[in-house]
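Chemist: Letter by letter, the chains look like this.
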Amino acid sequence: MTEIMPHQNAIDCQNLWKIFGARADEALVAAKNGEVDKDEALKRFSCVIGVADASFSVAEGEILCIMGLSGSGKSTIIRHVNRLIEPTDGQILIEGRDVMGLNPKELRQLRARKIGMVFQHMALWPHKSIADNVAFGLEVQKTPKGQQRAAAESALEKVGLGGWSDRYPDQLSGGMQQRVGLARAMAADPDILLMDEPFSALDPLIRKDLQDEFLKLSREVKKTTLFITHDLDEAMKMGDRIAIMKDGRIDQTGTPESIVLRPETDYVSRFVSSISTLKYISASEIMTPGKAKSGAPEFGASTPLPVLLAAFTEGAEELAITDGETHLGRISSTDILQAVQTDLKRV
Amino acid sequence: MDWSVILDPFASVQLPLSQWANESMTWLTSNYRSFFQAIKAPVKWALDLVEDGLRDSPQSIIIIVFTLFAWQVANRSTAIITFFGLIAIGLIGAWDPAMTSFAVLVTAVAISVAIGLPLGVLCSRVNFIWALVRPVLDFMQTIPSFTYLVPVILLFGIGNVPGVIVTVFFAIPPLIRLTNLGLREVRADLVEAADAFGATPFKRLWSIEIPLARPTIMTGVNQTVMLSLVMSVIASMISVAGLGRLVLVGISQLDLARASIGGLGIVLLAIIFDRITQGFGFTRRDRGDRGLWEQGPMGWLRGKLRHQN
Ligand SMILES: Nc1ncnc2c1ncn2[C@@H]1O[C@H](COP(=O)(O)OP(=O)(O)O)[C@@H](O)[C@H]1O
Ligand SMILES: [Mg+2]
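Order-wise, the sequence lines are chains A and B.
Just so you know, we're using this note's numbering here: the first sequence kicks off at 1 and counts up by one.
Just so you know, we're using this note's numbering here: the second sequence kicks off at 1 and counts up by one.
There could be a bad hint or two in this list.
Restricting the straight-line Cα-Cα distance to at most 16 Å, the calculated cross-link-like pairs of lysine to aspartate or glutamate (EDC-like) are [what the hints assert, rightly or not]:
hint	chain 1	residue 1	chain 2	residue 2
1	A	32	A	98
2	A	216	A	157
3	A	237	A	213
4	A	237	A	62
5	A	246	A	62
6	A	222	A	233
7	A	105	A	323
8	A	114	B	195
9	B	203	A	139
10	A	237	A	209
11	A	105	B	195
12	B	203	A	132
Note that these hints are calculated values from the structure, not bench results.
One chain only, chain B, in its complex shape:
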């Protein structure tokens, strides 16, 4: 009797996992290629829109528009941070890659929010759906991010558009999780009170539950933004342009200068982007009892117009 099979079984007995993976991939690409290509189309459209806008505009106009935008949706200090942040990005010579990264980032975060928020809401309403989604999220969050670069390349190819898709995949789980959690944690008596006054389920969700879950949901948005930035370096391996590529090239050529320009650019972008997105989460009360369009430059303009009449 050969004892080695029992003592070291895995030397001879193995599941053909790699074969399975290859076969299922081949099956997917040969049968559903058009489906995966179809997913790319709207992503490409959105990405091109943002990227062309950023490419074709003069640098100083971009700085002014972004600063005003930050002031409008958030506050003056965010506007100041945006202004100097963008100038710093220009001065360290990272302007062009930063604009590319920014376009990927905006597109990825917009898609993540557009999918993640409704899905999170749905998970909080229907226990059955949450039971299905939860293990998928666990899987998405534990699998090493390098691992799914390969299937993404096979299904979607390389470049900025697959980069957005892989970023969404990486960044969306916390948003779904925290939206679901935030809505489930809303005080039961506050929800019951809405019912007691005759609110429809939608009215209750929109006017009571989402506003009360807002801090948790905004934490989810923040996580999504941060993870998207983290992904920008990893995604550069599938030929996504931008700041991440600077870092990657810097690492591979031991070029400290380039790596630090890329790294610093990412940090600056992170600060600006996070501050502005948090501004969207401010309540009327946070804004000193003013609506979004009653503050900042628009509010100032309105005040001027009212004085003239």
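One chain only, chain A, in its complex shape:
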């Protein structure tokens, strides 16, 4: 008999609550009953609600971006994943195992082997050389010295810093330091990466380089990634899916397309209003029913708008949308112009 593997997410976060303060328990009950919000909890219980009833999951190999303004609880959430802080209520499962059920030794092993973390302000140790910084996770696991060095050097190679091993952090620029941070997180070859605003402190151009390189690297190594940012553009670019946070709550989770095209709350729609929808619109969203003229070029329902536009500029008068056999609808140049017009109006 073959065993049926249950479907398992790399990270599962279920109804997570984190309330800071001495009277967290009372505040939790009140907040769960909907009696207090973040401001009210601070007034009545002198407690700060860091995370409120957050649930999300990250599939193996997926990049989930958590996006929210400063103070919305992003760092608090990510610190729960490797139990740097402990939940007031709720559960975190890593590959199905509850992190709160681990004993100290198992927890250290999880942190050293399974999870790599990158920090907003790099958090490189100034007294250690670059190689020693990168190898720290292996040193902690008592890997043989030679192996540590080799792993550190190959991780540095991957982020384009081969040959910098014996320098010190203060001899590197900000962008290079964060590459070291990335190398350190990946040196022990963990399955999961936790990245807390890794590129926020960098200049725009350097940030773009690092984003591109990380995406490229991520495609090669396929690591499950929880990526935090306060920048919507970055979230749209990096995330397979995005979770949008406000005041400790997750307002909406979905693909970049669905967030932009179908915001579920006022907050999310205000947020995405500055983003042009054009890149995310596909044929199915603008087609009208009916059959196109014979000879019209055919496209699938998920064809993105830029491709459709290109067909018109090449001289087509009308497009036929099919799923290969059956006709689904047609798109005229007016449909396209209307889509552009709507997009321009909403900003």
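With chain A held as given, fit chain B with the ligands onto it using these hints.
Modeler: Below, chain B with the ligands without anything else, positioned relative to chain A:
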């Protein structure tokens, strides 16, 4: 009605503090004398070890050994300062008392570090312990140093061994304070990063927190060294031999020559001792990416041996 009781109350109403002090002292000495004597034993052992070593060795050997030692743990300039400093001490006629003072100093500083560092670490970990230790340190640092010479004499007697004990008492507070402070001031995200990579609490302390707190801790060590030297004059009142006694005798007999020999000797000793202890605090990076034993005379020797093979 006699108004004087209200106008000048302290003429007639006083707490019997002196009586209490005497009684508690008598109680301590009669009941715990063996305990205080037991404390003396390891101190005496350590002091004798250092002092005999210094007494029995020829002067020129001591100069050479100290110079090489300074070069090994610190650097060449410290070695040069040590070399000429020791020669100067000999030339001004302060060699013998300087060796005695040095033995007291080394023993006192070693004991202070052996107690102060771990205690400082403990204070930085456990808020409750720090809350207990802090007022004790305040007390130790504000009470005039002459005041506790009396109980020390009663409990430990006089001579060099009680001298070491009183010096430790005087010199240890800044080390505990600054070790605690340095560890508490380490950047929180650097500590969190160590946790995030699975370090044990001890590994985190040893590889991350102590190295990052090193400058502050070394300031504490420096303060302890300096205060130990300051104490050498005061401690000579309980019959501690050495440079301090030269100064004390100089003061009491208005003998400027003797006082200045003692004073100058203390200054020279301070410079040498401080430079060498700071050398222990150098990082690998300060040493040009070499370990403690890869530099100085040992490094030179190693290089020679490697060439021959
Ligand atoms: N240790 C703490 N004690 C009290 N409040 C905290 C603590 N850490 C975070 N908070 C509060 O929790 C909320 C979320 O913080 P954080 O997760 O750091 O937000 P973000 O990373 O999204 O900027 C903030 O209101 C913050 O003030
Ligand atoms: Mg944050």
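Chemist: For every hint, state whether the structure bears it out.
Modeler: Here is how each hint holds up against the structure:
1. 32/A / 98/A: 22 Å, violated
2. 216/A / 157/A: Roughly 14 Å separates the two Cα atoms, so the pair holds.
3. 237/A / 213/A: 12 Å, holds
4. 237/A / 62/A: The given pair, whose Cα atoms are some 13 Å apart, holds under the 16 Å limit.
5. 246/A / 62/A: 23 Å, violated
6. 222/A / 233/A: This hinted pair is violated, its Cα atoms lying about 22 Å apart.
7. 105/A / 323/A: Violated, at roughly 54 Å.
8. 114/A / 195/B: 14 Å, holds
9. 203/B / 139/A: Holds, at about 10 Å.
10. 237/A / 209/A: 13 Å, holds
11. 105/A / 195/B: 12 Å, holds
12. 203/B / 132/A: 14 Å, holds
This entry does not satisfy hints 1, 5, 6, 7, going by the numbered hints stated previously.
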